[in-house]
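Novice: Here the protein sequences line up with chains D and V, keeping their order.
Oh and the first sequence: position 342 is 342 in the UniProt record's numbering, straight run, nothing missing.
Oh and the second sequence: position 176 is 176 in the UniProt record's numbering, straight run, nothing missing.
Keep in mind that the hints were calculated from the coordinates and are not lab data.
Keep in mind that the hints are not guaranteed to be accurate.
Said to hold, decoys possible - Label pairs and their in silico Cβ distance ranges:
(1) G113(V) - R265(D): 52 to 60 Å
(2) E226(D) - P89(V): 16 to 24 Å
(3) P330(V) - S114(D): 42 to 50 Å
(4) I178(D) - G113(V): 28 to 36 Å
(5) P306(D) - Y325(V): 32 to 40 Å
(6) I178(D) - P96(V): 27 to 35 Å
(7) K295(V) - R303(D): 57 to 65 Å
(8) V349(D) - K261(V): 51 to 59 Å
(9) A7(D) - G113(V): 28 to 36 Å
(10) H326(D) - D264(V): 31 to 39 Å
(11) L347(V) - S36(D): 32 to 40 Å
(12) G113(V) - V338(D): 35 to 43 Å
Yeah, the Cβ is synthetic: ideal placement off N, Cα and C, and Gly gets one too.
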Amino acid sequence: MPEIDKALVLKIYQNMVTLQSMDSLFFEAQRQGRFSFYLTSFGEEAITIASAAALSDDDMVYAQYREPGVLMWRGFTLNEFANQCFSNDLDYGKGRQMPIHYGSAKLNYATVSSPIATQLPHAVGAAYAFKMDQKPLCSATYFGDGATSEGDFHGAMNFAAVLEAPVLFICRNNGYAISTPAHEQFKGDGVVCKGQAYGVRSFRVDGNDALAVYATVKAARKMAVEESRPILIEALTYRVGHHSTSDDSGKYRKGDEMHHWKTMRDPVVRLRRWLEGEGWWDSDADQQLRAETRNEVIAAMQRAGPRMKQPLANLFTDVYDTIPSHLRQQEKELRSTVARHRQDYPFDVPL
Amino acid sequence: MLGALSRNRPLLALLRGGNGGDKAASAALWAASKRFMSSDNTITVREALNSAIDEEMSADNKVFVMGEEVGEYQGAYKVTKGLLQKFGPDRVLDTPITEAGFTGLGVGAAMYGLKPIVEFMTFNFAMQAIDHLINSAAKTNYMSGGTINVPIVFRGPNGAAAGVAAQHSQCFAAWYGQVPGLKVLVPYDAEDARGLMKAAIRDPDPVVFLENELLYGESFPVSQEVLDPSFTLPIGKAKIMREGDDLTIVTFSKMVGYALKAADELAKEGISVEVVNLRSIRPLDRETINASVRKTSRLLTLEEGWPQHGVGAEICASVVEESFYYLDAPVERICGADVPMPYAANLERLAVPQVRLGSVGLYGSRVKKRCADACM
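Please put together the full structure from these sequences, using the hints given.
Specialist: So this is what it looks like as structure tokens:
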């Protein structure tokens, strides 16, 4: 167990609570129709926050979509999360992505890409680049249990092993891929045995134990960087929430199963009890933190929601590095159409 | 280049020797040596590609090559010959057999800032990686709000070869040409191959570079300028290979050679054909195409790929939209037959355009007939 100081564990806990708060309120906002889609990390807060705490901020992260905790740890603000979900004028993605498809070049978090497991070979490519540059860094890629069925999982694992690339493959085995339970996803013993087949050193950890996740990722990162090799970590956990706002998981799992994990096995509660045991936290501090984070999340939404949307010009930019003439022409044509039909043009999209 | 110079010496010595020997022999030697001594050189498309990649790898450490058999085997079609020996295994990677794996890896490396050249043994196999080409490479700059560039080149043979049947013969120009975010290049001769490859490697956007297996071994004369390491061609500009007044044939890749041969034959019958070598499917040089059609008033598109939604369909649409009143006849497309490519040599010949088809005269005579009709 590595040395962990009080400040670090408290920061981990506070981030986990903030993530829960953001998830609850943003989920409700989607249900109210304020944005089109949302996806929560309920039950998996420890994996993303504690693992991010064990990485270096310069390690490149290639996430699936259930890892905003990593971004949050690195300093992505509630405003930045809200701007992306509301797709407003401050969205770094310039309004091109669905909600929760965050990205941040400055925080070394590659923009979320929807197809499952495609980020795994990307992470290997980045790790190979680190190796060629001889940088003491690794890339870390996150994915669920279902993603290990994809062809890209196979290609990435094999490559990482053959190239001896410093990649951390962090699997959130949360028991479900939308409605497909893990025992219908694969017949082997979970994900950890798959890594061994490729010659990749693999670990299994209790994903709901924040300190265990931290310790494992810390050790794994050291191995990956110092020995230039890939490591697979299977973090066992449970997806407490629905797959996304497009899902109603009550249709395929029992209420008491969800209830059990939510009440008896919750990673946030577990860490809280440990902190209280150390005398580093108490229920007053907890109430205060929850009230504060709730207000901050609401404030962020209230700031982000009414803002203007992305300007019309951003329909056409970034298709290529420099805008080609035919798109300039199309923009001109669009603007003249808008000028002729001004009354039909939305008020919140700047021209 | 070095190879060519070392071949010069015995010939030069013989010619300078000049001991009054056989004049005819000297003349023959002179004629043979002229191609080495003149300011024009002749190189194959393969040599053009190899030298372009070699020079760009020397100039920029970030450029590296990856694919099946590119290293030890010297390349399945020998396009990467000598590169492993020169640059080492860090920059010329022999990959396991997983197109999805190495394409994804290449895209990831490009996202980080390297400049990979990913070889597909044929673009037919790229279908196993096409999600990475489209969703991970083409769309990423846009979807990341301009924060993630993917300066990658995907290259390999495309389209029909000879006797390799349906799963090795598909032309993907129309598929990739449809995707915003990609640049799609289609070199024909050695000058195209050198200039476009260098431009592709230097370009910050993902480039799909569609070569042709049967062109690799073909030699073309190139000027000194083309051989210079700084030579590039602009992406998105077509080339008028041959000027003409009666008919515009717009085509790309191997079919450029066929169009030029057809133009020679038609010239004997008094029909003057202008041949436009697209060089680039996306961006498509609509200005050059339309300017040519406005001059000749007749358009024929020529491609080996399938007719429906093919490259010709887009060219015809562009011309009908922009130059309708200049047309003296309906636009025409010549394409491959709408079937998976058969294997048997006689069937394969019938499934792709030919300059002349002997007694069958199917496609060859269609060109002539249509030109003749159109020119009336």
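Novice: Now tell me if each hint is right for this structure.
Specialist: Checked hints:
The supplied range of 52 to 60 Å is broken by G113(V) and R265(D), whose beta-carbon atoms lie about 42 Å from each other. Taken as a hint, the range 16 to 24 Å holds for the pair E226(D) and P89(V), whose Cβ atoms sit roughly 22 Å apart. About 43 Å separates the C-beta atoms of P330(V) and S114(D), a value consistent with the hinted range of 42 to 50 Å. A hinted range of 28 to 36 Å for the beta carbons of I178(D) and G113(V) is consistent with their spacing of about 35 Å.
Under the hint 32 to 40 Å, the C-beta atoms of P306(D) and Y325(V), about 51 Å apart, miss the expected range. Between I178(D) and P96(V) the Cβ separation comes to about 31 Å, which falls inside the hinted range of 27 to 35 Å. Distance hint for K295(V) and R303(D): a CB-CB separation of about 59 Å, consistent with the stated range 57 to 65 Å. Separated by about 54 Å at the C-beta atoms, V349(D) and K261(V) satisfy the suggested range of 51 to 59 Å.
A7(D) and G113(V) have their C-beta atoms about 34 Å apart, which keeps the hinted 28 to 36 Å range intact. Between H326(D) and D264(V) the beta carbons are some 34 Å apart, a value that agrees with the proposed interval 31 to 39 Å. In this structure the hint that L347(V) and S36(D) lie 32 to 40 Å apart at CB is violated, the actual value being about 52 Å. Distance hint check: the CB atoms of G113(V) and V338(D) are about 38 Å apart, consistent with the given range 35 to 43 Å.
Checked against the numbered hints listed earlier, the structure breaks hints 1, 5 and 11; every other hint is satisfied.
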